[in-house]
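> Chain by chain, the residues:
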Amino acid sequence: MFRVLYPAATVVRLALARRNRLILSAALICLSAFTVPARAQQADAKNPLDGNPAAIREGSSLFRANCSPCHGFNARGGGRGPDLTSGLWIHGGSDAAIFRTIGQGVPGTEMPANQFEDSETWALIAYLRSVSVKPAGPVAGDRARGERLFWGKSACGQCHMVKGRGGRLGPELTRVGVARSVEYLTESIRTPDKELSLSTSDPNNHYGIPLEYETVTAVTRDGQRIVGVAKNEDAFSLQLLGRDDQFHLFLKKDLSEVLHERRSLMPAYTEQMLNHDELQDLLAFLTSLRGWE
Amino acid sequence: MKMTAIRLAGILGGLMICAMSVRAQVTYDRILNAAHEPGNWLTYSGDYKSWRYSTLDQINVSNARDLTAQWVFQSASLGQFETTPLVIDGVLYGTGQDNRAFAIDARTGRAIWRYQRSLPDKVQPCCGMVNRGFAALGDRLFMATLDAHVLALDMKTGNVIWDVEAADYRQAYVFTVAPLLVKDKIIVGVAGGEFGVRGFIDAYDTATGKRVWRFYTVPGPGEPGHESWAGDSWKTGGAPAWITGSFDAELNTLYWPTGNPSPSDYGGERGGDNLYSNSMLALDPDTGKLKWYFQYTPHDLHDYDATQIPVLLDAVWQGQPRKLLVHANRNGFLYVLDRVNGQFLSATPFANLTWAKGIGSDGRPVIAPGSEPTAEGTRTCPGALGATNWFSPSYDPQTGLLYVASSEECDIFSGAPQKYHEGHDFMGSIYVPASGEKAWGALRAIDPLTGKKKWEFKYSSPPWGGALSTAGGVVFAGDSEGNLIAFDARTGHDLWHMQLGAAIYSSPITYSLDGRQYVAIPAGGALFAFALPAK
Numbered sequence: 005m006f007r008v009l010y011p012a013a014t015v016v017r018l019a020l021a022r023r024n025r026l027i028l029s030a031a032l033i034c035l036s037a038f039t040v041p042a043r044a045q046q047a048d049a050k051n052p053l054d055g056n057p058a059a060i061r062e063g064s065s066l067f068r069a070n071c072s073p074c075h076g077f078n079a080r081g082g083g084r085g086p087d088l089t090s091g092l093w094i095h096g097g098s099d100a101a102i103f104r105t106i107g108q109g110v111p112g113t114e115m116p117a118n119q120f121e122d123s124e125t126w127a128l129i130a131y132l133r134s135v136s137v138k139p140a141g142p143v144a145g146d147r148a149r150g151e152r153l154f155w156g157k158s159a160c161g162q163c164h165m166v167k168g169r170g171g172r173l174g175p176e177l178t179r180v181g182v183a184r185s186v187e188y189l190t191e192s193i194r195t196p197d198k199e200l201s202l203s204t205s206d207p208n209n210h211y212g213i214p215l216e217y218e219t220v221t222a223v224t225r226d227g228q229r230i231v232g233v234a235k236n237e238d239a240f241s242l243q244l245l246g247r248d249d250q251f252h253l254f255l256k257k258d259l260s261e262v263l264h265e266r267r268s269l270m271p272a273y274t275e276q277m278l279n280h281d282e283l284q285d286l287l288a289f290l291t292s293l294r295g296w297e
Numbered sequence: 198m199k200m201t202a203i204r205l206a207g208i209l210g211g212l213m214i215c216a217m218s219v220r221a222q223v224t225y226d227r228i229l230n231a232a233h234e235p236g237n238w239l240t241y242s243g244d245y246k247s248w249r250y251s252t253l254d255q256i257n258v259s260n261a262r263d264l265t266a267q268w269v270f271q272s273a274s275l276g277q278f279e280t281t282p283l284v285i286d287g288v289l290y291g292t293g294q295d296n297r298a299f300a301i302d303a304r305t306g307r308a309i310w311r312y313q314r315s316l317p318d319k320v321q322p323c324c325g326m327v328n329r330g331f332a333a334l335g336d337r338l339f340m341a342t343l344d345a346h347v348l349a350l351d352m353k354t355g356n357v358i359w360d361v362e363a364a365d366y367r368q369a370y371v372f373t374v375a376p377l378l379v380k381d382k383i384i385v386g387v388a389g390g391e392f393g394v395r396g397f398i399d400a401y402d403t404a405t406g407k408r409v410w411r412f413y414t415v416p417g418p419g420e421p422g423h424e425s426w427a428g429d430s431w432k433t434g435g436a437p438a439w440i441t442g443s444f445d446a447e448l449n450t451l452y453w454p455t456g457n458p459s460p461s462d463y464g465g466e467r468g469g470d471n472l473y474s475n476s477m478l479a480l481d482p483d484t485g486k487l488k489w490y491f492q493y494t495p496h497d498l499h500d501y502d503a504t505q506i507p508v509l510l511d512a513v514w515q516g517q518p519r520k521l522l523v524h525a526n527r528n529g530f531l532y533v534l535d536r537v538n539g540q541f542l543s544a545t546p547f548a549n550l551t552w553a554k555g556i557g558s559d560g561r562p563v564i565a566p567g568s569e570p571t572a573e574g575t576r577t578c579p580g581a582l583g584a585t586n587w588f589s590p591s592y593d594p595q596t597g598l599l600y601v602a603s604s605e606e607c608d609i610f611s612g613a614p615q616k617y618h619e620g621h622d623f624m625g626s627i628y629v630p631a632s633g634e635k636a637w638g639a640l641r642a643i644d645p646l647t648g649k650k651k652w653e654f655k656y657s658s659p660p661w662g663g664a665l666s667t668a669g670g671v672v673f674a675g676d677s678e679g680n681l682i683a684f685d686a687r688t689g690h691d692l693w694h695m696q697l698g699a700a701i702y703s704s705p706i707t708y709s710l711d712g713r714q715y716v717a718i719p720a721g722g723a724l725f726a727f728a729l730p731a732k
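Going down the list, the protein sequences come from chains A and B. Heads up, my numbering is the position in the first sequence plus 4, with the first residue counted as 1. Heads up, my numbering is the position in the second sequence plus 197, with the first residue counted as 1.
The hints are simulated quantities; they were obtained by calculation from the structure and are not laboratory data. Keep in mind that the hints are not guaranteed to be accurate.
[What the hints assert, rightly or not] Straight-line Cα separation of at most 20 Å, DMTMM-like style, residue types lysine to aspartate or glutamate; simulated pairs:
hint : chain 1 : residue 1 : chain 2 : residue 2
1    : B       : Lys432    : B       : Asp365
2    : A       : Lys257    : B       : Asp263
3    : B       : Lys635    : A       : Asp197
All of these numbers come straight from a predicted model, not from anything done at the bench.
Generate coordinates for the entire structure from the input sequences, incorporating the hints supplied.
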């Protein structure tokens, strides 16, 4: 009477797929239209669908339905998963290695194993190749000077944590060197308001949109203003991490106003605050951040 | 003699027990008069007019703040728990995700039986392995399954009494709907509008499971309306019918809404109005014959299913008493129709919308230029999830207001031609939330006759829970942040709320037992019941 119908991982994948099918419904080209002759287990397997426009389209919709909750709508990275367009493939960048990563996941990380058909996995890889840039060469700046800027003059570490050291208001950066492209990092430093970084999404809200790293100001009834990042919010309460690094847990009835400013708490690092060379140094440090190893 | 008397007493006692169990039989008459039996919840929307209103008034504006959890039932699956349970003489009957069903003691929350029909590997619901509930007649419950079967279950045991296949699930035919019992038939409508099915509404004989009629929502060759589909596009035209309709016994008319044409966001190969997608259908429940139709969104390109509950009202319209049908539509307009003949009376926006400049006097939308999806993407409001969706509105005859959970979200729609492949997604598009905009939602109290908004209560994000109104002057509704909220029906002031820990994907019900009024709602994997503290 209570048969287990799917392995748990399938259920997760189905749930994600269903959720996103509606939000991000996408043209699916018929899967069986592709003839995928060989299994991809060999280490040197090449993507039989590489560059195939129909496969790229199919891959893009599969991506949005299954991968975008963590890796972002356009594969440029989300609240949990890295940017997959940067050309950096820390777990191997060959067709066969990406195939394996998708199918088996990455143990010890939040990347799960997925149960796609082979043709679907190849279509995903064809899509990812189509949006990937060539990995940028090493950044010209000086890593050590960049590290000093990060913790010193530029004060990045006041809000960002790297390997357990630093602040908490902004995204954690221990793996940012593999998770985000140089272009993305540059944009985030110079114009942080342009695209607010995503926080995590609510697994119980299938159509929900993840919270953003957005400046929120709570105004109390006696006129006090507490500025921070909303960790969560509903019609009745607000869970704010304040600029003072403390939780401020409000009932909305005790507040006269909650202001959503649609901007990042992070200041825009202009040329005056961070000149070209300093930016290169900082990027050299950030791109060197590849995890705890 | 003495023995006989004792025997007789025994027989009489037995008869009394029998009489009680006879009372537990659901009759068509009881459902027809469900509004006069507020202790129970006998059909999906509470009664055939689909008001989702109860005359129970123990919970009122002054005491709602004292509401307390009475029990929690765990269904054993997580996600979107969409059921509207039925309550019949002390027992609550619900359906869960993954083809589950259950009966529980409505006083204690203790399970009486559980049922799960095994799921084949490739069922294709667009939006979760969900089900919205049972219909009941006699000692049977009727359930429409994810693998497109219709079942009769025994109320006492959950045993299957009959099981019929309505369609082939491998072609992506799916049921998520709560069936509607009309006389001796149950009515169901199919889902699958994201997969290019040919939509239909079916009626089955409750005694045998034999299909009595089928109405295809996409007309075949030679049938009126067929000309509204270019070429062979009708074959994969969609127009599913996955929300429970309403019924007017006096007019002997079933009102059943339909969903989007397929592919939902690309219309290049389905030129024409695409009847009867996004329509209200008035059907003869005995024969399935179409009496009239009204199409809200002809040749839809934005997934604006009309699968919202039709609310039946009798009211004075411009000096004349009329039988009306009120419909808060996913496309953002609140429509009033004459339900005798389908005549269009009015349409008023109840949410921000950009796809149409208005609705003409003939009921057709005046499409805003440049609102069609393009290859590059067009920002259009409401987004694909709609200004509202399948969750129930509620009509309160005391305030004369319609309570509608609404969303404010715009999407970037991009459309592209797509080849149909049986059993696979067929939407012709990608749509994503418009970036840089914060989507939100609200419970809105609207005068259904004028479309004027009386109050709104803002939610942090678009809601997926509907509303229940009660004679105590309290409206109940759930939000996507997981709050069940009690509102003052007149002012929208929030009287009480409870955080249930997961987004709410259902509409509340109410019932009473031992003189106590309960309110029940699912959230996450659990079903919750609330009441005032026992005296």
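> Compare the structure with each hint and give your call.
Hint check results:
no., hint, result
1, B/Lys432 to B/Asp365, "holds, 15 Å"
2, A/Lys257 to B/Asp263, "holds, 18 Å"
3, B/Lys635 to A/Asp197, "holds, 14 Å"
Violated hints are absent here; each numbered hint is respected by the structure.
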